[in-house]
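K.L.:
Each chain is listed here by its residues.
Protein chains: 2
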Amino acid sequence: MPEIDPPSRILMGPGPSNVPPRVYRALMMPTVGHMDPTYFKTMDQVQSLLREAFVTKNELTIAISGTGMSGMETSLANLLETGDEIVICNGGVFSGRMPEIARRYGANVREVKIPWGRATKPEEVAAALKEKPAKVVALVHGETSTGVLQTNIKEIAKICHDAGAILLVDTVASLGGTDFQTDAWDVDVVYSGTQKCLGVPPGLAPITFGKRAEEILAKRKTKVTSWYFDLTLIRDYWNEKRVYHHTGPINMTNALHAGLSLIQEEGLSNRVARHAKMAKALHAGLEAMGLKLFVQNAAERCPTLTTVLAPEGCDEVLTRKTLLEQHNLEIGGGLGDLKGKAWRVGLMGEGARPNHVLLFLSAVGGILKKQGCKIHAGAGVEAAAAIING
Amino acid sequence: MPEIDPPSRILMGPGPSNVPPRVYRALMMPTVGHMDPTYFKTMDQVQSLLREAFVTKNELTIAISGTGMSGMETSLANLLETGDEIVICNGGVFSGRMPEIARRYGANVREVKIPWGRATKPEEVAAALKEKPAKVVALVHGETSTGVLQTNIKEIAKICHDAGAILLVDTVASLGGTDFQTDAWDVDVVYSGTQKCLGVPPGLAPITFGKRAEEILAKRKTKVTSWYFDLTLIRDYWNEKRVYHHTGPINMTNALHAGLSLIQEEGLSNRVARHAKMAKALHAGLEAMGLKLFVQNAAERCPTLTTVLAPEGCDEVLTRKTLLEQHNLEIGGGLGDLKGKAWRVGLMGEGARPNHVLLFLSAVGGILKKQGCKIHAGAGVEAAAAIING
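For the record, the sequence lines run as chains A and B. In terms of the working numbering, the first sequence opens at residue 402 and continues consecutively. In terms of the working numbering, the second sequence opens at residue 402 and continues consecutively.
Source of the hints: derived by calculation from the structure; they are not laboratory data. These numbers come from a predicted model, not from an experiment. Don't take each hint at face value.
As the list claims (entries may be wrong) - Once the Cα atoms are required to be at most 30 Å apart in a straight line, the calculated DSSO-like pairs of lysine-lysine come out as:
no., chain 1, residue 1, chain 2, residue 2
1, A, K555, A, K536
2, B, K740, A, K442
3, B, K740, A, K722
4, A, K722, B, K678
5, A, K624, B, K533
6, B, K533, B, K559
7, B, K742, B, K678
8, B, K536, A, K622
What the hints assert, rightly or not - Taking beta-carbon pairs under 7 Å as the criterion, some of the chain A residues facing chain B (in silico):
no., residue
9, T623
10, T626
11, S627
12, I651
Where is the CB? At the ideal position from N, CA and C, for every residue including glycine.
Let the hints inform the model, and build the full structure from the sequences given.
P.N.:
Right, dumping it as structure tokens:
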């Protein structure tokens with residue numbers, strides 16, 4: 402079998418994002434044993450770096466040995482027991498997966514259905530909890546399918562706590578790319594994935610459990626059905642007890658160490674500002690070109706993932722295919738009702754750079770023009786460049 | 402945070418094993434998207450290479466996005482529904498984990514308790530199934546805690562099928578290092594881990610489901626509780642449907658591609674012979690030195706993992722510590738009743754080489770002599786070298 406020889410893509414889809422050289426270097430550092438004292442030191446440092454990324458002091462802050470979706474499953478599997486009530490704010494594909502998983506773990510699920518393209522309103526959560534209390538409220542911070550950013554999380558957390566519920570937030574597409582304050586906003590459980598704004602290949606799911614959530618673990622009447630995702634067992638491998646649970650994914654953990662170190666060096670607030678500026682440039686460019694963003698309310702646009710409607714007269718699939726084959730540039734297609742009607746453009750980690758923004762705008766502009774769409778390709782590039790240089 | 406700088410260990414513990422350069426190179430190939438056509442090609446090739454390693458034609462042959470333990474959980478979670486009967490041959494730590502996981506998924510578990518240090522006898526399985534039929538019989542091929550190799554698997558598979566049960570086998574410590582024939586032995590479900598005899602860092606769990614097992618999936622009355630490990634969903638990401646389930650662990654999959662390609666190049670039977678010869682040299686060396694192997698029956702010694710009793714007068718922990726600190730060489734300590742009384746020495750993948758065998762024997766000989774143990778250090782090295790060169 403010939404060696405694989407993947408192309409060097411410009412990754413501007415919904416993730417994975419481009420991986421910085423130092424992360425690749427960490428990935429290929431020599432594998433050591435999962436009980437090696439040097440690996441334990443790496444695990445400790447990863448925990449400390451994860452706390453900085455989540456902006457939390459939570460002790461139970463670790464990386465689950467699975468991809469981002471394993472973070473969703475670990476959260477729900479550990480928090481819920483048969484018959485527990487959960488309110489899920491469902492306004493996209495990823496929040497739409499939560500009810501399915503929660504039901505498998507026996508929960509009574511109530512969905513607050515949010516129209517695709519806007520965030521959940523705090524009063525919608527309040528109304529659902531007033532109707533009937535719940536153990537958990539769950540929502541997504543940056544919804545990868547719509548590009549919606551959930552604002553008002555601090556306010557929603559207070560509503561939850563006042564009603565005796567805890568708040569679970571998915572930050573797979575947002576952590577490390579837009580402001581998220583676990584402790585200051587008083588969020589109880591947060592999980593993410595490595596392959597988006599953390600700039601690490603896919604394979605791990607960072608997660609943090611606060612005190613209220615740890616109390617839920619302590620008070621469970623039944624064991625978590627999933628042994629692999631049972632946090633009370635996994636916790637004792639990450640803490641000083643070092644009880645063997647599974648063989649830690651050594652090289653991926655090393656890569657996460659490097660990705661988080663780069664965030665620490667850049668400074669989380671600088672990094673958030675960089676993502677915001679690049680998103681502003683991208684949005685200005687797309688609008689100056691004559692394209693329409695799917696999310697109407699500018700405050701609810703997630704800077705790391707932009708959903709833009711495919712203009713009249715264009716071939717949605719051919720556009721993506723040409724970007725990939727001619728420019729080596731990946732963007733995502735629409736999901737669900739947006740299939741064939743929109744593109745999803747990611748600015749995540751190393752992807753949130755001026756060269757990515759300008760290349761995408763100039764490339765997509767040329768392709769759409771060739772397809773006969775009435776767009777102002779040059780104006781788009783100019784508008785973005787003005788913000789980048791301004 | 403300073404960059405991690407792990408030492409270059411000689412890994413002779415229960416896994417992970419040393420990773421060959423080509424696998425590291427694949428690991429750091431550029432990350433592409435999980436829906437990239439070039440990645441789909443890699444997935445197809447990995448499936449084909451996994452079929453060669455499992456020696457099967459099973460269509461449902463993939464790698465689960467979790468470590469070896471996720472292979473155990475995926476198998477049990479998908480095969481079992483509440484109230485199903487399972488017979489588990491429990492003779493070590495890993496077969497000892499199966500009952501716990503099976504119970505969490507609602508199964509009625511009957512354990513055939515096997516004394517540590519020997520394999521399950523076919524008549525023990527027959528007796529358990531005669532007492533009461535079962536849906537699944539599960540056992541471990543190479544038990545990492547004891548070093549026992551389960552022989553007679555073909556015979557056991559026939560007993561299971563005659564009684565209407567399917568056979569599930571754990572090959573985490575054995576696949577790629579000792580003979581295992583999924584199809585010829587008619588085994589229904591087999592899983593493994595990447596970090597032992599496949600020579601890839603930890604993080605993926607290869608798995609194969611045969612026709613009888615696929616039928617069980619098709620006939621389930623309830624959904625698999627774990628969404629992340631639901632094979633009917635994962636299958637549609639690996640087959641031509643390419644339905645997104647989770648973001649594939651791209652770089653680890655590339656590494657697995659390289660590890661399996663190296664097995665294909667060496668030839669599975671040559672590789673098995675290499676492991677057998679190195680184990681023979683190690684065993685002869687240890688016995689010539691005056692040490693005792695834990696597994697009495699030579700035919701039931703797993704070539705990839707040897708359990709040797711710590712001799713009288715030695716400091717078990719200090720011996721391992723000295724090996725690690727002075728020689729950069731990792732071996733494992735005993736588990737369960739063997740804690741403090743035995744060592745576990747792995748010869749897996751790149752570890753099953755003459756230099757590893759001789760270095761370990763000469764190093765451990767010197768350390769034990771210094772501790773005042775009555776052993777014949779030189780004789781051990783000589784005996785091993787004779788087999789290596791003979």
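K.L.:
Name the hints, by number, that the structure is in violation of.
P.N.:
3, 4, 9
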